[in-house]
Structures are given as structure tokens and as C-alpha cells.
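Residue numbers (our numbering), protein chains in the order written: chain A, 1 to 408; chain B, 1 to 408.
In case anyone wonders, no lab produced these hints; they're calculated from the structure.
Note that the coordinates shown come from a computational prediction; the quantities given were computed from them, not determined experimentally.
Check the hints yourself; a few may be wrong.
No distinction is drawn between identical chains; accordingly, a pair holds when it is met within one copy or between any pair of copies.
[As the list claims (entries may be wrong)] Mimicking DSS-like on lysine-lysine, the simulated pairs with C-alpha atoms at most 30 Å apart in a straight line are:
hint, residue 1, residue 2
1, Lys59, Lys18
2, Lys320, Lys303
3, Lys59, Lys20
4, Lys25, Lys325
5, Lys194, Lys18
6, Lys25, Lys59
7, Lys320, Lys24
8, Lys24, Lys59
9, Lys325, Lys221
10, Lys360, Lys24
11, Lys321, Lys18
12, Lys303, Lys165
13, Lys101, Lys406
14, Lys110, Lys320
15, Lys320, Lys59
16, Lys320, Lys194
17, Lys318, Lys360
There are 2 protein chains.
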Amino acid sequence: MSVLVQKFGGTSVGTTDKIKNVAKKVAAFREQGHQMVIVVSAMSGETNRLIGLANEMQKQPDPREMDVLVSTGEQVTIALLCMALKDQGCDARSYTGGQVKILTDDSHTKARIQNIDVENMRSDLEAGRVVVVAGFQGVDDEGNITTLGRGGSDTTGVALAAALKADECQIYTDVDGVYTTDPRVVSNARRLDKITFEEMLEMASLGSKVLQIRAVEFAGKYNVPLRVLSTFEDGPGTLITLDEDNETMEQPLVSGIAFNRDEAKVSVLGVPDAPGVASKLLAPIGEANIEIDVIVQNVAADKTNDITFTVNRSELEKTKKVLEKVCAELGAREVATDSSIVKVSIVGVGMRSHAGVASKMFTALAGENINIQMITTSEIKISVIIDEKYLELAVRALHSTFDLDKAP
Amino acid sequence: MSVLVQKFGGTSVGTTDKIKNVAKKVAAFREQGHQMVIVVSAMSGETNRLIGLANEMQKQPDPREMDVLVSTGEQVTIALLCMALKDQGCDARSYTGGQVKILTDDSHTKARIQNIDVENMRSDLEAGRVVVVAGFQGVDDEGNITTLGRGGSDTTGVALAAALKADECQIYTDVDGVYTTDPRVVSNARRLDKITFEEMLEMASLGSKVLQIRAVEFAGKYNVPLRVLSTFEDGPGTLITLDEDNETMEQPLVSGIAFNRDEAKVSVLGVPDAPGVASKLLAPIGEANIEIDVIVQNVAADKTNDITFTVNRSELEKTKKVLEKVCAELGAREVATDSSIVKVSIVGVGMRSHAGVASKMFTALAGENINIQMITTSEIKISVIIDEKYLELAVRALHSTFDLDKAP
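For reference, chain A alone in the conformation it holds in the complex:
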């Protein structure tokens, strides 16, 4: 008899019929003798409806009251799911974040979990009851309702699994697992049976929007086996676990190919070469709350610096405005921007122990006459910035070069 935490997102509980379907699934697991803890999101559309109401009341809605408001979305779902479970003869009890209680800091709308009381849940589980918990929400030490930010329900699931020492945390969603790359780009992309936390982090942050980064980090930190599955089709999904040393040797060099279409490139050319110039240039951008992704710096022949970096496309205009002032002060020659670029990355823990992965990647791209504009590397990831018109071509070439279309 194992303890399972299952999380169902907004589309999985989007209608009363879908909630009944979830209840059927959960009741079947309970029948098999598992102790079940279910985490649910708000019914799809509900959170946006509530935020719409808030925006009508106040230009920048008060964060504390925003949390009081949007946390009702999950509260509705937990009650409805318990009713559906009881209707099927499966005993269940609902808990809001505050009732569990999921203690967080007091950063409204983006709170972080500090502690979870498992006592009540344990006694419900012992009594054979399914425990249904509202995702995305908690309570600070003064009893104020907090929320974990969008997608926080995944984090709730992982945190409960860690606190309860559950055997697995299963994230039900509308895809049946993690793929070697986006199947809309490469038709023979393959579902991965297994992937490591590290790889998943790199894949997620690069645009494979299956799981919240934060939930994966949390799962990795507490070593909670995490599984992504489809609510609507049966299947094993993808298991995300620790990279155990023995297995690495047999793993493929590259596990997946991620890409991001949302970036824009900014080049500051002819910056006088002097210590601290990069920080002088980039600090004001950070202060303006603009996130920078890839950064490359090169010293040119004339002893000036060229610094190139990428930001989210939606923040390109804001970035240019910040740079105008800074570049004048620094005496830079020119600022050039390009928003028709993409980032393509290969990810895999296997590349740690194998040389030549990068050159294999660059050769594959050269073979397709794709010009590489920027390169960055980490231990388990190599990313390149290329012209966006080559995205599909590059992803397909790499997918085939690293044999991702073949089962391992």
C-alpha cells in the first residue's frame, strides 16, 4: 500500500463532468489500496474571472486581498471533488491551504512554503479517507491567506508528497508525458519514460511548459519521484527522478531538445574596454526588473567591447530605453537589436561524461547552413541563438543527429 499524491490542473477539473471523471480515477486508485492525497487547481477560467473582477475594483489590486479573492477558486474545486467522491461511495475530506495548514512566508501572490502539518491528513489517510487539498494556497503565521503564484498547484503537490514521504507525486495534465522535443515541430518526437530532475529543469526553463520549474526544483531537493501523466488517456507518462550514477553510463548523450521563441537579442557595440563595464551596463536592466538570459562578451580588435545578451521580446522596448541613458554615459558606439531570433538547446546528463557533444551539434547545424549567432553552455546543456526562420530545420536536424527518434 503506497501513498500517492496526485495533482489535477485547471483543464482536468474544468467542468463538473471532468471533476466526476477525476473522482472516478481517484476512487479506482483508492480501491487498489493506495492512500490518496489529491491536489486540485481552480476550474479553468475561474482564476482569470476573479482577476478580472479585481482589476475592475482597483488599478493595482491589493496583494493581500488578491490572495483572499483568487484562493476561492481552488476552494470551490476541493468541495466539488469531495462531493463527487462521496457520490461514488468513496469517503473524502477537503482542506484549504490554511486548514492543512500549509505555512508560507507573507509574500502575497508569490509566497513560499515553509512548513506543512501532516497530522490531520495522516489520520484521514489511516481512516481510509481520500484527502483533497486546495493547490496554490497557504497561510502565513498571522493567519492571512497567501498564494504561491501561478502554477503553484504543482508546487503544493510536490511539497505535500515530500512532507508525507509519498511514494510518488503524479502531475496529471493534458499531455501524456515529457517529449524529446515539441511534437508540433518534430512529428516523430518520442515520449521519454524517464528523465532526471536536472534535465527536466533545463527543459522546463527552455520552454517545454509541462511542469513548473519551482515544483521540479522542490522535487529534486527532497528527492520526490515526480510523474507527468495525461488525465484523459491511460499511460505510464514520464517519471522524473534523481540521476543515479550507475544509470548515467547507459543514458543517451542527449535527452531532449528545447527551444524558446520569446527572446530578442540586444548588442551593445564599441563599449570602451574597462573593468566593470559589463556590470555598469547590465545592472540598470536588472534594476528595471528585466530578466536577462544569454550573455556573451567579446573584446574586439580595436580594444572595445561588444556585449550581446537576450531578453524577453515583450521587454525589448523597455530594455532599449534603459540602455539609451547607460550607453551615453559609457560612451558605447551603438545599440543593435534583433527580435527575429530563437534559442535552441540540447539537454542531457549524458553529455557530462562525453566529449564532442558540442562539436557534433555545431556540425549538424553547419550541415544545414544554419549560422550560429551566440553560444552558451552549462554542464548538461548547450544552447545556440539562431535566426528564427531556421527553428524547425535546426530542431529536426538535431533530433535526428542525436538519435532521439529511436527508442533507447
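Go by the hints and put chain B onto chain A.
Same frame as chain A, but now just chain B:
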């Protein structure tokens, strides 16, 4: 500087614009230096929407989960109202029933308030903050969410006023006060400036649906001055207070005329005269959860009993079914029913100290050729059952007989 508790019902907060309007009203009171505690209901329609969802999940929705579900309605309103107040520069903080905390027993969907913590509210009020509390809900001693039943928001308002020793509890609604009778029946019905708790109880239970009976009882018990006012028009409303002896003398004999169109009459004829016969007849009806209102018993010439009583029209068929079996056992001759009757009552603490009020009432009805079928009296009320076709005629005749159209 006084402490005011104001309660706004579902129609007063039915849209975001209406919530803004409430915020404007509240901010103006705050400006005047009052310490303000606001109790709100769910936006109109919201509670019914949630109950509709519950009914889709389970035939008889689980009461504990029902409370988790419907309590979200008021939680949405408190957050929105606080945002609207802050948007007007008026500091405010919201509290769910559990956060206050409003401790209740564990009778889900019809819980009763046992205790209220005022500490947090007090410190908010001292800090100049408006306190906004979700009506209708509380929490039991195990932390489960409870609700007080429909209309429970009035009760929340009165209970908070009692706990905070507020100067007044103001119930804002869509009428501008309590009237001598229904203005739709008597066009020159007059708004009362003042009425006693006792009178209000008799008026409310007789069908003047301005205030919840339970809230009036509560207010009377803790002597909380209660005022009914309109959200949409300015005016003094009607103040409901204790009957102070000195004032009684100057009060009119009759304060108002109430009526109830929802009753049906049941006569059990020819019941053998024996001790305990009324209880044998009526106990099974009570056991079937049917409420009985007026009861009259007479011994007929042939030493058999005629027992007549009224029930709600919607329960007449159920009542007949229960009686079939009982009457056969008791050897009663016949059961006759009549659902085309109404109850008309005159109410007034003034009648306590004056004889002749009843005969004045009966004379007025006789003057209009209205036959009286049943009579019951209490200390401050006289009710008659008459044919429903005479309702308007009777109410108008009594309104004029007791000078209710003239200002006191």
C-alpha cells in the same frame, strides 16, 4: 466617535459597480470619524450558482463540503470591497469567518455562533482601518468551515455588533425601512421610525421579509440597536430597539399589520374526546418535519373534538398523507383542507396596556362582511384566518381603523 457595524446584502453588492457604491458610502462614514465594521453577503446569484454546481455532483451534497463551497461567495465579496475601499484611499482589511474567528457549533449549513474573537478587529479599528467580514460563515472548534444558513449574514452583523459593543448595527437592504404594512397592498402604508424587537419579531415571522428573525432575536437578547436602511436612497430607516417602559404609554396601540399568504388550513373533525388526543394527532406531523402555525381546538356538542391548524401550503399534501394513518387510528370522522386562506395580524406593544383592541379589530372586519375562520392571540399580536379573497380589503380596513396612515 462611534463603532458602527453595517451589513450589505447580496443585491447591495450584486455587481462591481454596486460594490464601489458601497465602498463610497463606507468611506464617507469613516471620514466622519466612525469606526467601521462591514459585513457582506455573496454577490446576488453567486450562492445559487454554487449550490447548482453542488447538485450536479451529489444528489444530497455533503453538508461539510457544501459549507466549504458556498462560503467562497462571501470571501469573494470581502476581497473586492477591500480593494474598492483602498482604491478610494480608505485602508481596509478583510476577514473570513474563520479568520475573525467566529466560532460556531458543528451543525454544517445551519451552525449557531458560540463566540467571537474581537482582538484583531479592535486593533484594526484603532489603526483606522475598515474591517470587512464575510457574513454567513464561521468555523467550528476543529477548524471546519461552517455556515449559518440562508440570511445568516444579518446574524453575523448583529453578533459582531454585540461582541464589539457597537453603537448600532445597520442592515442595508433594498427597502428604506419597516412599514406599517406592505405598500403594495396599502398605498399609504407608512415607514416606521422606530419599532421594538418584539414587534419586529412578530412582523418578520408573519411575512414582512425585511430582516431575519434570528438576527432580531439576537439583537434583542444582547440589546443591540438595529437599523434597517436602503443602500440606494438616503434616509433614516427604521430603528429597532428595546421597549422602554416610559415610551410604551405614548406608543400607538398597533404598530403594523402583517399577513401571510403561504398557509393552508387543515381541519380534523369528529375526533373522539379523550386526553392526549391533540398530541397524538400533531406529534406525527412534527416528526415529519412539518411546521404547524395556528392551532385551534373546540369540543363539539356531540362530545367529539374538532382540531384545526395551519401549515405551509407547500406541505399540505405531505400533511394529508401523515394524517390519513393517524386519523384512522384515532377514529376521526373527517379531514377537511382549505388552501385558499390567509392570515392577517395586527402587531403592537401598545395593545398590552389597552383593552378592546381585539374587539375593535373584529368590528372592523365585520363592517366589511369578512368572516373570521380562526383567531389566535399573543400579548402583542392578534391574528385571524380569513378567506384569501378578502386579504386586501381586510388589511386596508385595519390599517385605517388603527390610524396607521397618520403620523403618530
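Here's how the hints hold up against the structure:
For the identical chains of this complex, Lys59 and Lys18 are inter-copy neighbours only, at 17 Å across copies versus 35 Å inside a copy, given an alpha-carbon limit of 30 Å. For a Cα distance limit of 30 Å, the shortest separation of Lys320 from Lys303 inside one copy, 24 Å, qualifies, whereas the shortest one across copies, 103 Å, does not. Only between protomers do Lys59 and Lys20 lie at most 30 Å apart by alpha-carbon distance; the minimum there is 13 Å, versus 38 Å within a single protomer. Taking CA atoms no more than 30 Å apart as the test, Lys25 paired with Lys325 passes in neither setting, with 58 Å inside one copy and 47 Å between copies.
Taking identical chains as interchangeable, the C-alpha atoms of Lys194 and Lys18 lie at most 30 Å apart only when both belong to the same chain, with a minimum of 28 Å there against 54 Å between chains. In this homomeric assembly, Lys25 and Lys59 come within 30 Å of each other (Cα to Cα) only across copies, at 20 Å, whereas the closest approach inside a single copy is 42 Å. Proximity of Lys320 to Lys24 under the C-alpha cut-off of 30 Å is found in neither arrangement, the shortest distances being 53 Å within a copy and 42 Å between copies. In this assembly of identical chains, Lys24 and Lys59 lie within 30 Å of each other by CA distance solely across copies; the values are 16 Å between and 42 Å within a copy.
In this assembly of identical chains, the alpha carbons of Lys325 and Lys221 never lie at most 30 Å apart, being 42 Å within a copy and 71 Å across copies at closest. Neither within a single protomer nor between protomers do Lys360 and Lys24 lie at most 30 Å apart by alpha-carbon distance, with minima of 48 Å and 68 Å respectively. When the C-alpha separation of Lys321 and Lys18 is checked against a cutoff of 30 Å, the pair qualifies neither within a copy, at 47 Å, nor between copies, at 41 Å. For a Cα distance limit of 30 Å, the shortest separation of Lys303 from Lys165 qualifies neither inside one copy, at 57 Å, nor across copies, at 78 Å.
In the homo-oligomer, the alpha carbons of Lys101 and Lys406 never lie at most 30 Å apart, since the shortest distance is 46 Å inside one protomer and 61 Å across protomers. In this assembly of identical chains, the alpha carbons of Lys110 and Lys320 lie at most 30 Å apart only when taken from the same copy (28 Å versus 61 Å across copies). When the C-alpha separation of Lys320 and Lys59 is checked against a cutoff of 30 Å, the pair qualifies only within one copy, where the shortest distance is 26 Å, while the shortest distance between copies is 60 Å. In this homomeric assembly, Lys320 and Lys194 never come within 30 Å of each other (Cα to Cα): the closest approach is 42 Å inside a single copy and 69 Å across copies.
For a Cα distance limit of 30 Å, the shortest separation of Lys318 from Lys360 qualifies neither inside one copy, at 37 Å, nor across copies, at 84 Å.
Checked against the numbered hints above, the structure violates hints 4, 7, 9, 10, 11, 12, 13, 16 and 17; every other hint is satisfied.
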